[in-house]
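**Q** Sequence:
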Amino acid sequence: MGNKINDPIARLMGLRYKSHPWHGIEVGTDAPEVVTAFIEMVPTDTVKYELDKVSGYIKIDRPQKYSNVVPALYGFIPQSYCGDLVAEYAMQQTQKADINGDGDPLDICVLTERTIAHGDILARVRPIGGFRMLDGNEADDKIIAVLKHDATYNVYNDILELPHVVVDRLKHYFLTYKDMPGEECQRKVEITHVYGKEEAYEVIRRSLEDYKNHFEGLEDILSRV
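Here the sequence shown is numbered in this note's numbering, starting from 6 and rising by one per residue.
Where hints are given, some of them may not hold.
Unchecked claim - Pairwise CB distance ranges (calculated):
no.: 1; residue 1: Ser60; residue 2: Glu166; range: 33 to 43 angstroms
no.: 2; residue 1: Arg174; residue 2: Ile126; range: 17 to 27 angstroms
no.: 3; residue 1: Ile126; residue 2: Tyr182; range: 17 to 27 angstroms
no.: 4; residue 1: Met96; residue 2: Leu180; range: 19 to 29 angstroms
no.: 5; residue 1: Ala102; residue 2: Arg129; range: 30 to 40 angstroms
no.: 6; residue 1: Thr34; residue 2: Lys193; range: 36 to 46 angstroms
no.: 7; residue 1: Asp35; residue 2: Phe220; range: 19 to 29 angstroms
Since the hints were derived computationally from the structure, they do not count as laboratory data. We put the beta carbon where it would ideally sit given N, CA and C, even for glycine.
All chains, full assembly: derive it from the sequences and hints.
**A** In structure tokens form, the structure reads like this:
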């Protein structure tokens, strides 16, 4: 059910020019069961990198001043957006009101036994669950996935099958990675639920639909490139 935002002309342009990681890369026809993930950071990074949404290049967000580093590959699902439908689902599942989408692509964390040297790469992954994370009044879901065909993690089909220590490390990172040394944390970040793959599929579907709704007309723009 991948978003078919790229037409043949846009794909030909991609042979000469780098595709924008958010808008120019297909999520894949097997989504949400298997998706393409764009990886921004890897566990060996001592600096937090993130996508510059305008240029499509990876930029330095901030140094990791604590020893808290991402415990797995970290990035987002292309052509996804956390908007009204993602927020609506978060409200349904938490029984909370006045939640908004965070306006970013859907975050994804990818488990693999292999050491990946750097980010700014694509990976085919299988979502197995996620964290329903709220950052203030914003839905900031984190999809948990395994690298497809990974020798160790490919056996896991649902987050409930993972060792507790793996889930706990991921939760700790996401609950603390925005804290800055010497500053009183003003954010109210919480993980309300750890959910399985079926809920992860629903969040992904909604984020892909949110993307199409939010960027309505982008397909027409690309067709005129």
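**Q** Look at each hint and say if it fits the structure.
**A** So, going through the hints one by one against the coordinates:
1. Ser60 <-> Glu166: 33 to 43 angstroms: Holds, at about 39 angstroms.
2. Arg174 <-> Ile126: 17 to 27 angstroms: Roughly 22 angstroms apart at Cβ, these two residues keep to the hinted range, so it holds.
3. Ile126 <-> Tyr182: 17 to 27 angstroms: Check passed, 21 angstroms falls within 17 to 27 angstroms.
4. Met96 <-> Leu180: 19 to 29 angstroms: holds (21 angstroms)
5. Ala102 <-> Arg129: 30 to 40 angstroms: holds (37 angstroms)
6. Thr34 <-> Lys193: 36 to 46 angstroms: Holds - the Cβ-Cβ distance for Thr34 and Lys193, about 39 angstroms, lies within 36 to 46 angstroms.
7. Asp35 <-> Phe220: 19 to 29 angstroms: At 22 angstroms between Cβs, range holds.
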